[in-house]
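A.B. asks: Protein sequences, first through last, are from chains A and B.
Numbering of the first sequence is given in our numbering, commencing with residue 5 and proceeding in unit increments.
Numbering of the second sequence is given in our numbering, commencing with residue 32 and proceeding in unit increments.
The reader is advised that the hints may include incorrect statements.
[To be verified] Taking lysine to aspartate or glutamate and the DMTMM-like style, the derived pairs with C-alpha atoms no more than 20 Å apart in a straight line are:
1) B/LYS181 - A/GLU88
2) A/LYS381 - A/GLU349
3) A/LYS381 - A/GLU180
4) B/LYS343 - B/ASP434
5) B/LYS343 - B/GLU290
6) A/LYS197 - A/GLU490
7) B/LYS305 - B/GLU331
8) A/LYS173 - A/GLU286
9) B/LYS181 - B/ASP138
10) A/LYS173 - A/GLU125
11) A/LYS310 - B/ASP138
12) A/LYS310 - B/ASP124
13) B/LYS305 - B/GLU164
14) B/LYS270 - B/ASP120
15) B/LYS181 - A/GLU125
16) B/LYS227 - B/GLU290
17) A/LYS260 - A/GLU286
18) A/LYS310 - B/ASP405
19) B/LYS181 - B/GLU222
20) A/LYS260 - A/GLU207
21) A/LYS197 - A/GLU208
22) B/LYS181 - B/ASP130
23) A/LYS173 - A/GLU207
24) A/LYS310 - B/ASP130
25) A/LYS513 - A/GLU286
26) B/LYS227 - A/ASP406
27) A/LYS310 - B/ASP120
28) A/LYS260 - B/GLU290
29) A/LYS173 - A/GLU163
30) B/LYS181 - A/GLU124
31) B/LYS181 - A/GLU349
32) A/LYS260 - A/GLU88
33) B/LYS324 - B/GLU277
Worth flagging that the hints you see were computed from the coordinates, not collected in a lab.
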Amino acid sequence: MDDQADVVVIGGGSTGCGVIRDLARRGLDAVLVEKGNLTHGTTGRMHGLLHSGGRYAVSDQTSARECMEENRVLRDIASHCVEETGGMFVKRPEDSEEYFQQKLEGCRACDIPAEVIDGEEARRREPYLARDVEKAIAVPDAAIDPFRLCVANAADAREHGARVETHAKVTDVLVEDGEVVGVEIEHDTGPGKRVHREPGTTEEIRARYVVNATGAWAGRIGEMAGVDVEVRPSKGVMTVMNTRQVDTVINRCRPKGDADIVVPHETACILGTTDEEVDDPEDYPEEEWEVDLMIETLSELVPALKDARTLRSFWGVRPLYEPPGTGTDDPTDITRDYFLLDHDERDGLPGLTSIVGGKLTTYRMMAESITDHVCEKLGHDAACDTADTPLPGSDDFSVLRDYMDEFGIRSPVGRRSAQRLGSRADEVLNGADPNPVVCECEGVTRAEVQDAIEGAGSDLNAVRLRTRASMGNCQGGFCTHRISAELAQEYPGPVVRDAEDELYQERWKGQRHALWGRQLSQAMLNHMLHATTMNRDGDPATTDADVDFGAFDAGTGPAGADGSEVDDATTGVTATDGGLDGDR
Amino acid sequence: MTRHTGNDDTDTTEESNGTNGTERHEEADDGTPAQPTVPELGRDEQPAIFVPDDDEDGTTGASAGDETDPRTATDGGVESATGGSDSGDLSPDAYDPIDVFPEGDLDLRDGADSCYKCTSCDTSCPVAEVDDEFPGPKFQGPEQWRLKRKGDHDIDESITSCSNCMRCDDACPSSVPLSQMHNEARGQFVEEQMEKLSVEYIRNRILANYRTSARLASMTPRLASFAMNFGPARWAMDKLLGVPKEREFPEFATTTFREWWRDRGGAQVSNPDKRVAYFHGCYSNYNTPEVGKAMVRVYEHFGYEVLVPPQKCSGTPMFANGMLKDARRHAETNVENLVEAIGEGADVIASCTSCSMSLRQEYPELFDIHGIEDVSEHTFEALEYLRIHEDLNGALADARPEDEQAFAYHAPCHARNQGLARQAVETFREVDGVTMEDVGDSCSGISGTYGWKSEKYEKSMQIGEEMFEHMEDADGEVGMTECPTCAMQMEHGTGYEIRHPLQLLEETLVA
Ligand SMILES: Cc1cc2nc3c(=O)[nH]c(=O)nc-3n(C[C@H](O)[C@H](O)[C@H](O)COP(=O)(O)OP(=O)(O)OC[C@H]3O[C@@H](n4cnc5c(N)ncnc54)[C@H](O)[C@@H]3O)c2cc1C
Ligand code: SF4
Ligand code: SF4
Numbered sequence: 005m006d007d008q009a010d011v012v013v014i015g016g017g018s019t020g021c022g023v024i025r026d027l028a029r030r031g032l033d034a035v036l037v038e039k040g041n042l043t044h045g046t047t048g049r050m051h052g053l054l055h056s057g058g059r060y061a062v063s064d065q066t067s068a069r070e071c072m073e074e075n076r077v078l079r080d081i082a083s084h085c086v087e088e089t090g091g092m093f094v095k096r097p098e099d100s101e102e103y104f105q106q107k108l109e110g111c112r113a114c115d116i117p118a119e120v121i122d123g124e125e126a127r128r129r130e131p132y133l134a135r136d137v138e139k140a141i142a143v144p145d146a147a148i149d150p151f152r153l154c155v156a157n158a159a160d161a162r163e164h165g166a167r168v169e170t171h172a173k174v175t176d177v178l179v180e181d182g183e184v185v186g187v188e189i190e191h192d193t194g195p196g197k198r199v200h201r202e203p204g205t206t207e208e209i210r211a212r213y214v215v216n217a218t219g220a221w222a223g224r225i226g227e228m229a230g231v232d233v234e235v236r237p238s239k240g241v242m243t244v245m246n247t248r249q250v251d252t253v254i255n256r257c258r259p260k261g262d263a264d265i266v267v268p269h270e271t272a273c274i275l276g277t278t279d280e281e282v283d284d285p286e287d288y289p290e291e292e293w294e295v296d297l298m299i300e301t302l303s304e305l306v307p308a309l310k311d312a313r314t315l316r317s318f319w320g321v322r323p324l325y326e327p328p329g330t331g332t333d334d335p336t337d338i339t340r341d342y343f344l345l346d347h348d349e350r351d352g353l354p355g356l357t358s359i360v361g362g363k364l365t366t367y368r369m370m371a372e373s374i375t376d377h378v379c380e381k382l383g384h385d386a387a388c389d390t391a392d393t394p395l396p397g398s399d400d401f402s403v404l405r406d407y408m409d410e411f412g413i414r415s416p417v418g419r420r421s422a423q424r425l426g427s428r429a430d431e432v433l434n435g436a437d438p439n440p441v442v443c444e445c446e447g448v449t450r451a452e453v454q455d456a457i458e459g460a461g462s463d464l465n466a467v468r469l470r471t472r473a474s475m476g477n478c479q480g481g482f483c484t485h486r487i488s489a490e491l492a493q494e495y496p497g498p499v500v501r502d503a504e505d506e507l508y509q510e511r512w513k514g515q516r517h518a519l520w521g522r523q524l525s526q527a528m529l530n531h532m533l534h535a536t537t538m539n540r541d542g543d544p545a546t547t548d549a550d551v552d553f554g555a556f557d558a559g560t561g562p563a564g565a566d567g568s569e570v571d572d573a574t575t576g577v578t579a580t581d582g583g584l585d586g587d588r
Numbered sequence: 032m033t034r035h036t037g038n039d040d041t042d043t044t045e046e047s048n049g050t051n052g053t054e055r056h057e058e059a060d061d062g063t064p065a066q067p068t069v070p071e072l073g074r075d076e077q078p079a080i081f082v083p084d085d086d087e088d089g090t091t092g093a094s095a096g097d098e099t100d101p102r103t104a105t106d107g108g109v110e111s112a113t114g115g116s117d118s119g120d121l122s123p124d125a126y127d128p129i130d131v132f133p134e135g136d137l138d139l140r141d142g143a144d145s146c147y148k149c150t151s152c153d154t155s156c157p158v159a160e161v162d163d164e165f166p167g168p169k170f171q172g173p174e175q176w177r178l179k180r181k182g183d184h185d186i187d188e189s190i191t192s193c194s195n196c197m198r199c200d201d202a203c204p205s206s207v208p209l210s211q212m213h214n215e216a217r218g219q220f221v222e223e224q225m226e227k228l229s230v231e232y233i234r235n236r237i238l239a240n241y242r243t244s245a246r247l248a249s250m251t252p253r254l255a256s257f258a259m260n261f262g263p264a265r266w267a268m269d270k271l272l273g274v275p276k277e278r279e280f281p282e283f284a285t286t287t288f289r290e291w292w293r294d295r296g297g298a299q300v301s302n303p304d305k306r307v308a309y310f311h312g313c314y315s316n317y318n319t320p321e322v323g324k325a326m327v328r329v330y331e332h333f334g335y336e337v338l339v340p341p342q343k344c345s346g347t348p349m350f351a352n353g354m355l356k357d358a359r360r361h362a363e364t365n366v367e368n369l370v371e372a373i374g375e376g377a378d379v380i381a382s383c384t385s386c387s388m389s390l391r392q393e394y395p396e397l398f399d400i401h402g403i404e405d406v407s408e409h410t411f412e413a414l415e416y417l418r419i420h421e422d423l424n425g426a427l428a429d430a431r432p433e434d435e436q437a438f439a440y441h442a443p444c445h446a447r448n449q450g451l452a453r454q455a456v457e458t459f460r461e462v463d464g465v466t467m468e469d470v471g472d473s474c475s476g477i478s479g480t481y482g483w484k485s486e487k488y489e490k491s492m493q494i495g496e497e498m499f500e501h502m503e504d505a506d507g508e509v510g511m512t513e514c515p516t517c518a519m520q521m522e523h524g525t526g527y528e529i530r531h532p533l534q535l536l537e538e539t540l541v542a
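Isolated chain A, as found in the complex (with noise of 0.2 Å):
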């Protein structure tokens, strides 16, 4: 049998890119597949916080240790997509005190470094803090980028010979002989980098071992392979503030419950989170309750939010993975570990593991003990290197530099660039000439979006994602034309067109749950600039409509393609720009 590759991974979240790494670097041929962009199920929706294990420090030991061991590992392989902000537990009057003595033994139980503050001490880092918040457990969390992430590591992965399909949907696992061969994906727009418009294909890929790393949708993965997957998806909201009113993790020392953790994540705050579960992790209500909590709850901490500008919130769900028979009601008692599944073991179906749950702050970890078995599983013998070698943009690099000498932009505009890009920095930023900013909200400049298109092609989200590009205030009503404007030196028109579209509409989604107040009239200025200015309510180019344009009248006096004045209502065929149609 011919097999195009060592190994299939499923699925493009952070597990299945720390998979791909994984699997590149040991020397095995792997193949990517993802559905939609790389992050685009639970990991691009998620809180962002790379754990000190503190949080489960009373309730789940083993998780909180593995957290802080993998938090320190990212710290140093992935320093250019965390942010060392540190994190508190706070205790607020009504909180138990009990419960804020449990949780500083536990931490100190998992050799996570904690220390006391007192309620001044706290507001002296954090000014917004609620003045009556009595005192606080300081702990090393940190924020982290998963979309840098999960690039860096299938950049890694590529240049270590893997292949990484995206916008390539798994349609059915294939089993011969009551072993599993390989995979049949359908391209979205044919096979490499999307670019739209571009007819799909499908496409068989057989392999040596297929890794189902979907995920909450792995149940979805099982059922082509004929295998029972049992994860119980549980979804949970974030509301995305427009600044960051703190600059350091802030948990509520209490035990679970909902809307209790502020996260300072780039240029906002975001707010979480709830957990319940639902049946289908495409499919769930997205309720206008769960938002209005995270404020009135996370504004016992941080008052001010309650008056701060809401830019949108969006909902994740949780791969839960829970082994049968535990049948536990409440999906916060369910375990945040993660499980292999072998299903030659459990199912016997040879050539496909599932791996479920987790969390993302332990990805690395999860990847290193599923390359493993697939290695063993393969008779490979190699050892596993991703936890000392820095991903691609996490070698040594400084943020400090004299930005309008060496790359003529402002200072705050080159700072932010280089914590986004890293070691990167100098080979993007010095490319382009002129290099205006494209997305002023977030300072995001044409170099680095030029970048980000020669990775993700047409797809403006890909670009998104990777440059923080109209995640700011305006939600790309002042940027997403400007974004597109830079697709259309490679790019046919309605291609540009498509791509403009996907994205003002994927930023509108969000801001649907929070319009009030101003992004409310946010959203109504960039309506009506879009409407008004650039005819995006009626865009005879987009509708396909027919236009009359001998409807136009042909204005007073132009001359015409001969030079001589034209007498426009009985023979003038007006081009739309108002000047005459030259052979009539």
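Since the structure of chain A is provided, determine the placement of chain B with the ligands on it from the hints.
C.D. replies: Below, chain B with the ligands alone, put in the same frame as chain A:
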């Protein structure tokens, strides 16, 4: 640890509250660095305070979830997951930056919440219009602040090109605190990034502390007026300090306003029911005491008792140069004395629109000094106050100046921001023998100290171009404005004599 603490190395006055300034260095000073319990991770390099867990918790918990008052949420009405707390500490209004950062280094990121990116501010910025290198108020204000993270100290250098004309404030439809953002950013830039021995810093410091130079100069006013405008001296100033040789230094009065006030024996009217405290500012004191005198005579004409409390610079030139520490020191004196006057029933009157702007808006935006809000609320511009409290039109109905006069009136940007752009025109509209022509809404281009910098001179004149042209077109051959530096620019660009509305009032009403 910047300027708001008021401790400044060159300051010889009281080192008032050095507390927070030294606190952070304490560990280093006594040689026992605090042991952070989070050694390798995070940025928690601060000393920890270990709270003993003795259970003195009887007081807490009482406020917890047993109350069931319906709490309103942002839009739907959802109660907090924890039932909320009744603590009065939770009102978001109590978390204004100035409350939250009482010791200075305001974090103004939250101001970006109000920005819709509409760009009205950029289109109204006179500097952006002529200076391609200047990114404009939208970048300087909401964008730059929003991109900041705690611990980021690099403010873009371009902030020093903003002239602090505050037209962007006026243009913004959404109350983004632009000038507060610029002032604070400029202060942080100067404090943390500007080379303290650079010529630019020294020059700016001299320009900002105009009061100091003016005080010295006015001790020998004639000599000073001559020496400062003496050719070779000006050439040297241009080359060494970057003060453009094209500009003529204002003349120093031989008798300052305060000297006049003293010699005259102070107030001539005493009236506990109608009292005003005159904030004359530096310029009417040292350079144009006739404006101050006009103020006194006009107000006394209307039966006011005028107080002239001790005072220092209003801070306007210091804000524009990022010298917030200097401004803070002066503000402490001003607020203290003005609060006292307010206690005696007075409102505060300024004859310079930048001074009134500063006391009204910039003071409470930037400093947390006891009584500063009272000062802000009780401050008015001189003409504005009379228009509110007196029947000025009635009084002017039969008045007329000695001879027919026509004026080319320019409304200073800072007057515009206080809603006063039309006051002079409206006041004199019906007065026989006076023609007052508004020369339009452009900026004069000097913006206090901006036009006093060699590298900005050309741009300053370019900005002023429109005003000069309109002045020449106007009938009058005399200029009029409330702002002393606009007056300098108007005179510089047209050669006209420039007067203050108070002087015209004095002439028509009192004389
Ligand atoms: C609300 C919320 C907050 C969270 N916060 C944190 C946090 O702060 N810190 C933390 O460490 N963890 C957090 N997590 C957990 C973390 O996000 C997840 O554990 C992690 O992202 C899972 O990654 P994954 O790769 O396993 O799954 P996913 O990211 O869901 O990846 C699965 C991928 O498979 C793809 N896929 C599905 N079906 C197919 C198919 N047929 N063909 C091809 N591809 C397919 C999907 O498109 C998807 O991209 C949070 C989770 C939630 C829900
Ligand atoms: S204060 Fe004046 S110069 Fe400064 S940004 Fe605003 S409009 Fe421009
Ligand atoms: S005018 Fe105000 S709202 Fe508009 S861009 Fe400027 S700061 Fe933002």
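A.B. asks: Run the distance test for B/LYS343 versus B/GLU290: straight-line Cα separation, threshold 20 Å.
C.D. replies: 15 Å, holds
A.B. asks: Under the criterion that the straight-line Cα-Cα distance not exceed 20 Å, is the pair B/LYS270, B/ASP120 satisfied?
C.D. replies: Distance ~56 Å between B/LYS270 and B/ASP120 Cα, so the pair is violated.
A.B. asks: When you check the alpha-carbon spacing of B/LYS181 and B/GLU222, does it fall within 20 Å?
C.D. replies: 16 Å, holds
A.B. asks: With the threshold set at 20 Å, check whether the alpha-carbon distance from A/LYS173 to A/GLU286 stays at or below it.
C.D. replies: Roughly 15 Å between the alpha carbons, so the hint for A/LYS173 and A/GLU286 holds.
A.B. asks: For the pair we were handed, A/LYS173 and A/GLU125, check the Cα-Cα distance against 20 Å.
C.D. replies: Measuring from Cα to Cα gives roughly 51 Å; hence the hint is violated.
A.B. asks: With the threshold set at 20 Å, check whether the alpha-carbon distance from A/LYS381 to A/GLU180 stays at or below it.
C.D. replies: The given pair, whose Cα atoms are some 18 Å apart, holds under the 20 Å limit.
A.B. asks: Straight-line Cα separation of A/LYS197 and A/GLU490 no greater than 20 Å?
C.D. replies: 16 Å, holds
A.B. asks: Check the hint pairing B/LYS181 with A/GLU88 against an upper bound of 20 Å on the C-alpha distance.
C.D. replies: Satisfied, since the Cα-Cα distance of roughly 11 Å is no more than 20 Å.
A.B. asks: Just to be careful, I want the Cα atoms of B/LYS227 and B/GLU290 compared with a cutoff of 20 Å; is the pair within it?
C.D. replies: Measuring from Cα to Cα gives roughly 36 Å; hence the hint is violated.
A.B. asks: Compare the distance between the alpha carbons of A/LYS381 and A/GLU349 with 20 Å, and conclude whether the hinted pair is satisfied.
C.D. replies: Holds, at roughly 12 Å.
A.B. asks: Given the hinted pair B/LYS181 and A/GLU124, is their alpha-carbon gap at most 20 Å?
C.D. replies: 18 Å, holds
A.B. asks: Given the hinted pair A/LYS260 and A/GLU88, is their Cα-Cα distance within 20 Å?
C.D. replies: Violated. A/LYS260 to A/GLU88 sits at ~24 Å, over the 20 Å cutoff.
In summary, the structure is inconsistent with hints 4, 10, 13, 14, 16, 17, 18, 20, 28, 29, 31, 32 and 33 from the numbered list given earlier, while agreeing with the others.
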